[in-house]
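Asker: Residue numbers (the working numbering), protein chains in the order written: chain A, 1 to 133; chain B, 1001 to 1133; chain C, 2001 to 2133; chain D, 3001 to 3133.
Check the hints yourself; a few may be wrong.
To be verified - Taking lysine to aspartate or glutamate and the DMTMM-like style, the derived pairs with C-alpha atoms no more than 25 Å apart in a straight line are:
{"#": "1", "chain 1": "D", "residue 1": "K3066", "chain 2": "C", "residue 2": "D2055"}
{"#": "2", "chain 1": "C", "residue 1": "K2066", "chain 2": "D", "residue 2": "D3120"}
{"#": "3", "chain 1": "D", "residue 1": "K3066", "chain 2": "D", "residue 2": "E3006"}
{"#": "4", "chain 1": "D", "residue 1": "K3122", "chain 2": "D", "residue 2": "E3109"}
Unchecked claim - In silico negatives: residues of chain A with every beta carbon more than 10 Å from chain B:
{"#": "5", "residue": "M1"}
{"#": "6", "residue": "Y5"}
{"#": "7", "residue": "M9"}
{"#": "8", "residue": "K10"}
{"#": "9", "residue": "Q19"}
{"#": "10", "residue": "K42"}
{"#": "11", "residue": "V61"}
{"#": "12", "residue": "Y65"}
{"#": "13", "residue": "R74"}
{"#": "14", "residue": "F75"}
{"#": "15", "residue": "R83"}
{"#": "16", "residue": "A86"}
Don't read these hints as lab results, they were simulated from the structure.
All figures in this text were calculated on a predicted structure; none of them were measured in a lab.
Think of the CB as a built atom: it goes at the ideal place given N, C-alpha and C, for glycine as much as any other residue.
There are 4 protein chains.
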Amino acid sequence: MEYHYEHEMKARDYECDAQGVVNNANYLHYFEVSRHEFLEAKRVNFRRLREQGIDMMVARVDVRYKYPLQGGDRFVIRLRLQREGARLVVQHDLHRLPGEQLYTRCVAEIIALKDGRLTDGKIFDAIFAAELA
Amino acid sequence: MEYHYEHEMKARDYECDAQGVVNNANYLHYFEVSRHEFLEAKRVNFRRLREQGIDMMVARVDVRYKYPLQGGDRFVIRLRLQREGARLVVQHDLHRLPGEQLYTRCVAEIIALKDGRLTDGKIFDAIFAAELA
Amino acid sequence: MEYHYEHEMKARDYECDAQGVVNNANYLHYFEVSRHEFLEAKRVNFRRLREQGIDMMVARVDVRYKYPLQGGDRFVIRLRLQREGARLVVQHDLHRLPGEQLYTRCVAEIIALKDGRLTDGKIFDAIFAAELA
Amino acid sequence: MEYHYEHEMKARDYECDAQGVVNNANYLHYFEVSRHEFLEAKRVNFRRLREQGIDMMVARVDVRYKYPLQGGDRFVIRLRLQREGARLVVQHDLHRLPGEQLYTRCVAEIIALKDGRLTDGKIFDAIFAAELA
């Protein structure tokens, strides 16, 4: 399997809950960070898009938690994009470092709104021309 | 459709991100709160379970975001439980108040660990005897 | 000591960190919630203020943590306001329930911006006329 | 002024609230991260300390917010330590990059507990021998 982008991170102690492992919600934060970093690598700024009336919103996520991360763990999130109609489907594979074991997998479906209305998603093709070609 | 439990909440301003709506990750916090409140209504304490070596962990979530909540919005999360092998499958329907429109739906699969090892999930039958019968 | 407002809350399990108690940062969230609820009780909407170009920002906080809250703990935050020049000085006393023991005390200094520029803070007198008289 | 440690970070979009800037509570997360990184650089693991019954807790924070960070902003947190009785007093200066402007300053007082009881803080001298000498 070929990925389009990867971003390395480190689990923070405050992201863990009383169970001593990263709380399930914080993975969605990690995945969002990896997508925004990918946008930045494409010289697209999430905040500047907003000023043009364009909002990218998560329409669906499907997350499978295989092993729990602990505070201090290093990991890498690897992304693979696909276009499905109006939606950008992003697979996020989270591998723990070192060792590269798959800890979490998330498939997120992203939509683009213009002034609050759903678009046909052509903006995704424009931004990710190389990946979606 | 019949629900087994419901819990009312209010979106907090700090749970919104720069897009002005509740960030996608925070819904997982809301759903967790509703499950823990359900446990409490059953006189089961999430923290005391931990002290007995029992951990309930989220193994999978599938969330569909239909409409975005804004800061100050009131909503109710309605839960329906089902047992599937070792897993407790929890449907969470988030309806905005007033009006009762379905804003978000989440199906979460929960597993129970005893001293770090996966159990057969019979503890779910013990806790939710009435609902899973 | 007389308070101007109080708001009751319950600590959520995800707000605890691996130390098993509420993480120090989350208290600032609690205090913000209590202030926004006070504004709402005055029929002032934090989000609508923003649309008029008015932002209330925290300029300083001084928090003393005496006892740590655990997940599930109920508590009440009691507020007392004072005007000091351009700043609204808000004392927040967090008492655990039942028992009313003082767990945390925060003094926050709030400023009001209009279109990004510091105001003289007269808007505070308008909103909290009864309390600041 | 001489600092004892520094740690570079980047503000994440989800850490901003509806005001479009980093929420005031998240700075406490940043400061905690910088302290835990400093511990790690000393080969002291926050989680392993816990297993030995030692907890470091925040007893007080005093934060002055001068300018607000936006999502995507890079910054460095610079730490300076001082021992005052049982407490470790940590000054955190947050400078935005590039430009090095001081955005936020926090003075935090940290205590060490052993099996839940306050210690005299000699553990701080042991860990930060070079800095506190």
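Asker: Would you mind marking each hint as holding or not holding in the structure?
Answerer: These are the hints, each one checked on the structure:
{"no.": "1", "hint": "D/K3066 - C/D2055", "result": "15 Å, holds"}
{"no.": "2", "hint": "C/K2066 - D/D3120", "result": "17 Å, holds"}
{"no.": "3", "hint": "D/K3066 - D/E3006", "result": "20 Å, holds"}
{"no.": "4", "hint": "D/K3122 - D/E3109", "result": "15 Å, holds"}
{"no.": "5", "hint": "M1", "result": "20 Å, holds"}
{"no.": "6", "hint": "Y5", "result": "19 Å, holds"}
{"no.": "7", "hint": "M9", "result": "15 Å, holds"}
{"no.": "8", "hint": "K10", "result": "18 Å, holds"}
{"no.": "9", "hint": "Q19", "result": "6 Å, violated"}
{"no.": "10", "hint": "K42", "result": "19 Å, holds"}
{"no.": "11", "hint": "V61", "result": "5 Å, violated"}
{"no.": "12", "hint": "Y65", "result": "6 Å, violated"}
{"no.": "13", "hint": "R74", "result": "21 Å, holds"}
{"no.": "14", "hint": "F75", "result": "17 Å, holds"}
{"no.": "15", "hint": "R83", "result": "19 Å, holds"}
{"no.": "16", "hint": "A86", "result": "14 Å, holds"}
Of the numbered hints stated above, those contradicted by the structure are hints 9, 11 and 12, listed in ascending order.
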